[in-house]
Each structure stands twice: as structure tokens, then as C-alpha cells.
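**Student:** Chain by chain, the residues run as shown.
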Amino acid sequence: MNRDQSHEILRQANRSEDLSRRAFLKLSGMAGGGLLLAFHFGESCCSYGESDGKAVLNAFIQIFPDGDILIYSKNPEIGQGVKTTLPMIVAEELDADWSHVRVEQAPIDQEVYGRQAAGGSRSVPSSWDQLRRAGATARQMLINAAAVEWGVPAEDCQTSMSEVIHAPSTRRSSYGRLAARAATLPVPDPESVPLKKPADYKLLGRRISGVDNRKIVTGEPLFGIDQLVPEMSYATYLKCPATGGRVSEANLDEIRALPGVQDAFVIEGNGIYEELMPGVAVVANSTWAAFSARDRLKVTWDESEASKDSWGGAVEQARKLAGRNGSQVIRETGDVDSAYARSARKVEAFYLYPFVPHAPLEPQNCTAWFRDGGIEFWAPTQTPQRALNSVENAVGIPKDKIIIHQTRVGGGFGRRLNNDYMCEAAAISKRAGVPVKLQWSREDDMVHDFYRVGGFHSLKGALDRSGRLSAWQNHFITFSSDGENTVRSGNIRENEFPGPLVPNYRLTQTMLPLATPCGPWRAPRSNGIAFAVQCFLHELAVAARRDHLEFLIEVMGEPKWLEPGEPGALNTGRAVNVIRLAAEKAGWGNPPPGRGLGLAFHFSHAGHFAEVAEVSVDDKKKLTVHKVTVAGDVGPILNLSGAENQCQGAVIDGLSTMFGLAVSIENGRVQESNFHEYPILRIGSAPQVDVHFIESDFPPTGLGEPALPPVAPAVCNAIFAATGQRVRELPLIKSGYSI
Amino acid sequence: MPDFRLSINGRERVVEDVDPSTPLLWVLRDSLGLLGTKYGCGIGFCGACTVHLDGEPVRSCSISLSEALDKPVLTIEGLAGEDGTLHPLQQAWIELDVPQCGYCQAGQIMSAVALLKENPVPGDAEIDAAMEGNLCRCGTYVRIRKAIHEAARNLTAGEATEGGGA
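As you go down the protein sequences, you meet chains Y and R in turn. For the first sequence, the positions run 1 to 739 when my numbering is used. For the second sequence, the positions run 1 to 166 when my numbering is used.
Honestly, the hints are just simulated from the structure, not real lab data. Check before you lean on any hint, since a few could be wrong.
[What the hints assert, rightly or not] Capping the alpha-carbon separation at 35 Å, the derived lysine-lysine pairs in DSBU-like fashion look like this:
1) K71(R) to K622(Y)
2) K202(Y) to K71(R)
3) K117(R) to K627(Y)
4) K71(R) to K620(Y)
5) K320(Y) to K215(Y)
6) K460(Y) to K430(Y)
7) K202(Y) to K117(R)
8) K71(R) to K734(Y)
9) K146(R) to K622(Y)
10) K146(R) to K627(Y)
11) K298(Y) to K146(R)
12) K621(Y) to K71(R)
These numbers were taken from a predicted model, which means no experiment stands behind them.
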């Protein structure tokens with residue numbers, strides 16, 4: 001049975017089920033015998049952050065007579081490692097021999113799989129219980145099959161390395177041999193099957209190399225950009241450099257006459273950034289013909305309703321608001337003003353960080369084939385299911401006529417939570433009547449993003465006579481497109497650290513107008529807020545003449561959950577543990593001569609992370625980050641190699657961004673166009689990164705994001721320690737630093 | 001347009017109906033279906049499109065088809081042996097689990113192959129200098145360094161064994 005056939009059987013079986021209740025499906029009838037199991041769970045056992053509230057998981061196991069085991073990975077792989085980690089969870093409870101496990105990307109189908117998305121570091125926490133039960137239930141069925149065959153009690157059987165073993169009689173049988181019989185047996189209740197104790201794990205916690213690594217290092221096609229459809233054309237799409245501009249006029253006839261060009265036309269779009277904005281499409285017989293023709297496009301844009309945003313103007317406005325309170329109160333406890341008035345020491349500071357694009361190395365692209373009223377996609381998206389709605393809305397193709405093939409994704413970082421490039425490819429294929437591969441240029445990618453929104457924090461803090469933090473005031477200046485709500489990921493949470501831990505606290509907000517599209521960027525909100533908050537805490541510790549480590553631990557106070565009843569919230573006990581560990585491993589208090597150590601903690605996406613940076617700065621402000629020590633608590637570590645890789649990458653991404661990356665926006669236009677103006681960190685500046693985990697007993701949570709936010713404040717605090725210079729603006733190059 | 005003959009991964013390949021000013025990158029990808037070489041920036045700043053031309057690492061987005069004629073081209077697809085035996089660098093990349101998203105890694109490996117050909121036992125500074133043109137947006141640099149050291153060890157050990165035992 002091939003993959004499409006098995007998927008169709010599963011779909012049909014699912015249609016007969018009531019999807020609102022927990023369901024377990026067993027499917028037999030595979031050619032040549034074997035077992036195909038699917039697990040559908042009606043509700044999430046644990047979820048963090050915003051939840052779809054509906055079906056969240058399906059896992060999917062096939063066991064072949066020759067012993068090969070196929071495990072489908074349901075979520076997009078964007079570099080966060082889930083295509084390896086999620087199947088490891090299934091394989092552990094199945095007690096499978098990993099060397100005979102093959103992993104494939106699952107088809108995109110909400111009915112069968114529930115939530116399929118890569119975002120919010122949620123893949124692991126939202127799949128943990130269900131995938132374990134999926135593996136354990138299949139294992140129990142294989143045990144039952146062996147018990148029947150041997151006429152022994154199932155309780156007397158064990159499993160190991162894809163075999164069922166009956167120790168008293170020394171009989172053993174492979175999963176491959178047992179699978180066909182297992183498929184004929186009743187399915188045990190997934191809730192009742194025993195799960196392994198962590199001490200018995202054989203696979204989880206080990207270092208397992210990524211399942212696609214061989215294909216990656218040999219150059220096999222994997223990514224969106226690598227997809228080929230017979231007779232396909234190649235397309236580009238030019239939009240107004242100022243968001244919201246429309247096409248007035250374009251030299252389409254001239255473009256159509258160029259070599260290799262098959263068609264050129266205007267698409268009006270529906271005016272929704274996340275879907276289909278107006279532009280000019282060029283369809284050609286190669287990418288290069290399309291790119292070359294596009295360079296000759298002359299478009300007059302109607303910018304009457306286009307963005308006029310100015311970053312320089314926003315900075316000026318924000319600076320004028322510094323020192324005051326914002327009009328919106330987000331949180332207020334105690335009496336900040338009187339605490340401030342009677343304090344022993346006061347500190348004020350203004351922090352700012354810029355807009356940044358995601359700049360994944362694989363520029364946006366999508367292959368789409370519109371035919372017979374339906375469409376088929378090959379897409380490197382983080383949210384294939386959301387794409388169904390976007391495409392239906394933008395191009396008018398009903399959701400049930402849309403098929404999406406999920407490809408590996410050449411970097412996500414939050415950019416591909418939106419599927420604008422899919423809507424564009426759909427509109428172009430529909431209009432041109434041919435399958436097309438839409439390829440954005442790097443320049444397109446840089447200027448048509450959903451940016452990490454810039455932000456400003458006007459902070460005031462006070463210390464009492466014993467040097468304890470007595471008051472904290474933060475006026476957060478952010479942006480709004482509609483005057484009512486902040487732009488996406490431009491908000492600050494009421495419970496943001498250190499709000500619940502300071503007796504006198506005031507958090508207010510002002511929103512400046514903005515037309516530029518914004519969106520989640522790796523560790524949304526936290527990636528900027530951590531810089532301001534954790535640097536300012538250090539400023540207060542310095543003002544109090546206190547050791548930063550001791551001061552930070554004092555602020556945390558007794559071990560407790562900051563949001564009681566919310567297991568995805570900050571736990572001050574876990575926080576103190578990682579802070580102490582990072583400090584200890586980094587040699588806190590004893591920096592090498594000429595170097596400064598800087599500490600920062602941040603909690604995000606259910607992960608507790610503390611980091612210590614070791615830096616030196618020469619007299620020309622050349623910064624060297626020698627080492628970053630990371631200590632994190634995300635519960636048990638599932639794949640040690642993948643987990644360390646995420647932390648090492650987050651440190652380098654965080655350092656890269658805080659050091660040199662920003663886009664400026666003037667007259668609605670992003671000014672930077674390509675990597676020569678957007679200096680992503682190169683290997684020579686990459687520090688040593690030491691990673692340490694506290695494997696607490698809490699359920700495991702995701703690692704794509706939470707190691708990033710502490711990097712910027714740790715490095716800036718280290719610069720202060722080394723030089724006495726305080727950095728309050730990112731990126732560092734704005735303050736004359738080089739790297 | 002005339003046909004062009006290229007020597008790619010030890011084989012002659014004929015390219016039809018392509019303008020000679022087309023970057024080698026797009027000839028490889030669109031005309032020849034060699035998709036391992038990646039497009040990242042188009043201006044030679046990211047290294048995702050790195051191939052070897054006449055034994056030297058070049059950015060294939062910035063080399064035209066006409067400049068690549070009569071010179072051997074090696075792409076990531078030509079690195080492993082005919083029997084599928086991986087190059088020690090490819091092997092080290094898998095063993096140390098270097099990739100995250102994986103998009104830049106073909107270019108990284110091609111730059112690393114050129115480095116080890118010139119300098120079989122490079123130090124960290126030499127690795128950094130040779131790999132400076134290859135961006136990794138996911139930040140796998142720490143492992144890239146380690147994997148190059150590992151492959152260098154395996155390569156020199158392999159040669160020592162061959163020399164001593166054969």
C-alpha cells in the first residue's frame with residue numbers, strides 16, 4: 001500500500017467517526033500484511049499559549065512485514081527539529097529499533113491529523129501525551145498478538161528493539177512478523193496502556209541526528225524551492241515597495257515580448273497583507289528569464305493609500321513621550337509614585353529596538369497548479385492549514401479543492417506563519433492556466449515581510465535603603481494599525497516579568513500609528529522586551545551596588561508560579577535554578593582578565609532560560625563575545641543533539657540580531673534590500689556556546705524560541721561589566737560597536 | 001541560441017535554449033535539475049549557491065554560463081562516490097548533526113571541501129576565514145567548525161592508514 005492509499009483509508013475511516021470524541025483507529029488491509037495505526041485525539045492534554053481548542057494530534061504508524069516502521073511526522077519542519085523529535089517520542093513508547101524507523105512528512109489534513117503548524121514552540125508540548133500513547137498502544141497490540149500466538153499471558157511479555165519477548169520460554173518475535181496479526185486484534189484504550197518511566201527511556205534523551213540529514217548533505221530535493229511539476233512555468237511578482245500601493249500602469253506589452261516570457265499581468269488582490277496584495281506577475285520559462293524580465297518592469301504605483309511610515313519619525317515621537325506615563329494602563333499594583341518619592345535611589349532609562357525582518361535563507365516561494373477548479377500546492381509553509389482559509393479567501397478556491405504538500409522549510413522564524421506567497425502563486429497559476437513556481441527574490445523577501453515590530457520602553461525604577469527593588473514603572477511605546485489594538489506581537493502581557501514580583505509596579509502603554517505589516521518573530525514580544533527589562537534590572541543592581549546574580553535571585557523571591565493554575569507560566573523556583581546554574585558554569589564573579597560577564601534571565605514559551613555572556617571590548621569598540629553559557633529548563637530533554645542545536649542557534653541568532661540587524665523604514669519603504677545591507681553574523685564572530693539543561697519533572701516544552709531572548713541583555717550587561725558603557729539601543733552598531 | 005556543453009560532476013551536460021549570460025546557479029537548477037545548489041541572495045553574499053569551478057569555490061549566482069564553459073564544475077550532488085560513499089565532510093555533518101533548517105548546508109560543505117583540499121588540518125581561525133562567505137541563518141556555526149575538524153581528522157587518519165597498511 002502506498003502512502004496515498006493509506007491516507008485515503010484513514011480519511012474514510014475518520015469520516016465514520018465522531019471527531020468530537022477521542023477516537024482510535026486501526027486500519028488493516030495493507031498489501032502483504034502489516035499494521036497501520038492511526039490515533040486521533042479529540043482534545044489536547046496540555047497546551048501552552050493560544051490554543052486552537054480543537055483536535056490537536058494525530059500520529060500515524062505503519063509496520064511492514066520486513067520490520068521497517070514508518071512514522072509520519074505531522075508538523076512542518078522549519079529547522080526546529082520536530083521531524084526527528086516527534087517520531088522519536090512515538091518510537092520510544094513503541095520500543096522500536098530506531099535504525100529501522102523511516103520518517104515521512106504527513107499529508108496535510110486537519111480531519112486526520114488535527115493541528116499541523118510550526119509556531120510558538122508548541123509542537124512538543126501539544127504532542128507529548130498523544131504521541132506517547134500512540135506508540136504505547138501500538139506496542140500493546142503487538143504484545144497481544146504475540147501472547148495469542150504463543151498462548152501465554154500478555155503480562156509475561158516484554159518488548160525491546162522492535163521485538164516482543166517472552167522471557168520464561170525465551171521466545172521472541174519481530175514486530176514485522178506480528179504486525180498482520182496485531183491488526184486483527186481489538187484496540188486497547190490508549191488511556192489505559194502503560195507508559196514508560198523516564199528512567200527506562202532508551203531513545204529519548206539521546207543524541208539523534210536529523211532524519212533528513214543525509215538528503216541535506218547530498219543535495220537531494222527537499223525544500224519548497226526544489227519542487228518540480230511537469231511543464232511548469234516560473235513566476236515572479238512585483239508589489240509596491242510602500243505597503244498598500246496599487247498598480248496604476250505597467251509596461252506589460254514590452255515585458256511580454258522579452259525572451260522566455262510567457263505572460264505578464266496585473267493582479268488586483270484583496271488588499272489583505274497576509275493574503276494577496278496588488279502587483280504585477282511575470283510568467284516565464286525559467287527563473288532567470290522571469291527575474292530578468294522583472295528588472296525591466298516599469299510600474300507606476302498609486303500610493304494614495306500606501307504606507308507613509310517613518311522609523312525616524314517614530315523614534316522622535318517616542319523620545320518625546322519618555323518619562324511620562326502612557327494613556328493605557330496594562331497593570332498597576334501598589335503605589336509607584338510614593339514608593340518612588342521615598343526611595344533611596346532612582347534610575348531612569350529609555351530603551352529602544354528596531355524593526356527586523358525574518359530573512360530565512362530560503363526566499364519565499366511556492367509551486368501551485370490550478371486545474372479543474374481546484375489547486376495543488378507544494379509549499380514551505382509553517383501553517384498549511386491556515387493557508388486553506390487564506391487561499392479560499394484570496395483566490396476563491398473552496399477549501400475542499402485545495403491540496404497542500406508540505407515541504408521542508410528553509411528557515412521559518414515566524415515568517416511563514418503567513419501564506420501570502422501561496423495566495424500569490426495560486427492567483428498566478430489560475431490566471432496563467434499553467435502550473436507555476438513563484439520565486440521571490442531576496443530583495444522581495446526583505447521588503448515584503450511581517451516585521452518584528454520595533455519598540456520603546458521608558459523605564460523608572462527605585463531602590464529602598466537596603467538596596468531592594470521597591471518600584472518599577474514601564475511606559476511601553478508600541479504601534480497600532482487600527483488605533484485600537486497593537487500590531488501583531490507588538491503587545492506586552494499584563495503578567496510580564498517582573499510585574500507580579502514588584503510591590504509597586506506600573507505598566508502603561510502608548511500606541512503610535514503604523515501601516516507596515518508586523519508579525520511574530522522568533523520568541524515574539526520576548527525578543528525585544530527581554531533586552532529592555534533585563535538590562536534595566538542590571539542597571540538597578542549596579543545602582544544598588546549589589547551583585548547582579550544576588551539581586552536577580554532576590555527579585556524572584558520564594559519558589560512559586562507567577563500565574564497560579566497555569567502550568568505554562570513562569571515558576572520562580574525554576575528560574576532561580578537556571579540562573580544559579582548559568583552563573584556557576586560561567587564562573588560568575590571571576591571573569592578572565594580584561595573581560596566582562598553579563599547575566600540575563602528570561603521566561604518565554606514555557607521555557608526558563610538564563611545566560612551569561614563573556615565579552616571583551618577594545619578601545620575602538622570592537623566587541624568580542626568569547627563565550628555564552630546557557631542554562632535552560634524545559635523539562636526532560638527528548639533529543640539532546642537537537643536541543644543543544646536549538647540553543648546554540650538561538651544564541652547566534654540573538655547575537656546576530658542584537659549586534660547588527662535592523663531595517664529602517666522611510667516614506668513607507670523598507671530601505672534595506674539584501675544581505676550587503678543586512679549583515680547577518682558570520683562564522684568568525686560566532687562565540688563558544690555552552691549549553692546546560694536542568695531536566696526537571698515538568699512535561700517537556702518547546703525549544704525553538706526560549707533560548708533567544710536572554711542573549712541581547714546578557715551581552716549588553718557584559719559590555720557594561722567590561723567597559724562601564726551602557727547600551728540602551730539595538731542594534732549595537734548604532735552605538736559605534738564593531739564585531 | 002546555440003547549445004552549450006558543460007562538464008558537471010565528471011559528466012558532459014548539454015544545455016539548450018539558455019542565454020549565455022544566465023547565472024550558472026539557474027542553469028544548474030532550472031535547466032539541469034541539479035537542485036542541491038541553493039538560491040539565497042543572488043549577489044554573492046550568502047554562499048548558499050557555492051560550487052567548485054575548476055577546483056575553486058565560487059558563487060554560482062555570480063558566474064555566468066559562458067564563464068563556466070570548458071571548466072569542470074563540481075556541485076554537492078557530485079561529492080559522494082558513485083557507490084553512495086559519502087565524503088568525510090558529509091559524514092561528519094551527519095554524525096555531528098550540523099543542520100537545522102539545512103538550506104545553507106550544501107554551500108557550507110562545498111566551501112569546506114575546498115578548504116580541506118588546500119589545508120588538510122585547519123585551525124579555528126583558518127576555518128573561520130575560509131567559511132566567512134557562507135551565511136547560516138539558523139546559527140549552526142559552532143557545529144560547522146567542529147564538523148570540519150572531525151572530517152579533517154578522519155581524512156588524515158584515512159590517508160595514514162592507506163599509506164601504512166596498503
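**Student:** Each of the hints needs a verdict: does it hold here or not?
**Tutor:** The hints, checked one at a time:
1. At roughly 42 Å between alpha-carbon atoms, K71(R) and K622(Y) are farther apart than 35 Å, so this suggested pair is violated.
2. Note on K202(Y) and K71(R): the hinted pairing is violated, with a Cα-Cα distance of about 51 Å set against a maximum of 35 Å.
3. Between K117(R) and K627(Y), the direct Cα distance comes to roughly 30 Å. Compliance with the 35 Å bound is thereby established for this hinted pair.
4. A threshold of 35 Å between alpha carbons decides the hint, and for K71(R) with K620(Y) the separation of about 45 Å lies outside it, so the pair is violated.
5. Using a Cα cut-off of 35 Å, the hinted pair K320(Y) and K215(Y) is violated, with the two alpha carbons roughly 54 Å apart.
6. A hinted pair counts as satisfied when its Cα atoms are at most 35 Å apart, and K460(Y) with K430(Y) does not qualify at roughly 56 Å.
7. A distance of roughly 40 Å separates the Cα atoms of K202(Y) and K117(R); the hinted pair therefore is violated under the 35 Å criterion.
8. The suggested pairing of K71(R) with K734(Y) is violated, with an alpha-carbon distance near 45 Å, which exceeds 35 Å.
9. Only pairs whose Cα atoms come within 35 Å are accepted, and K146(R) paired with K622(Y) is accepted, the gap being roughly 26 Å.
10. For the hint linking K146(R) to K627(Y), the alpha-carbon distance of about 16 Å falls within 35 Å, and the restraint holds.
11. Restraint check for K298(Y) and K146(R): the C-alpha separation of about 49 Å exceeds 35 Å, so the hint is violated.
12. Pair hint K621(Y) plus K71(R) does not hold up; C-alpha atoms about 45 Å apart against a cutoff of 35 Å.
Going down the numbered hints, you'll see the structure goes against 1, 2, 4, 5, 6, 7, 8, 11 and 12, while the others check out.
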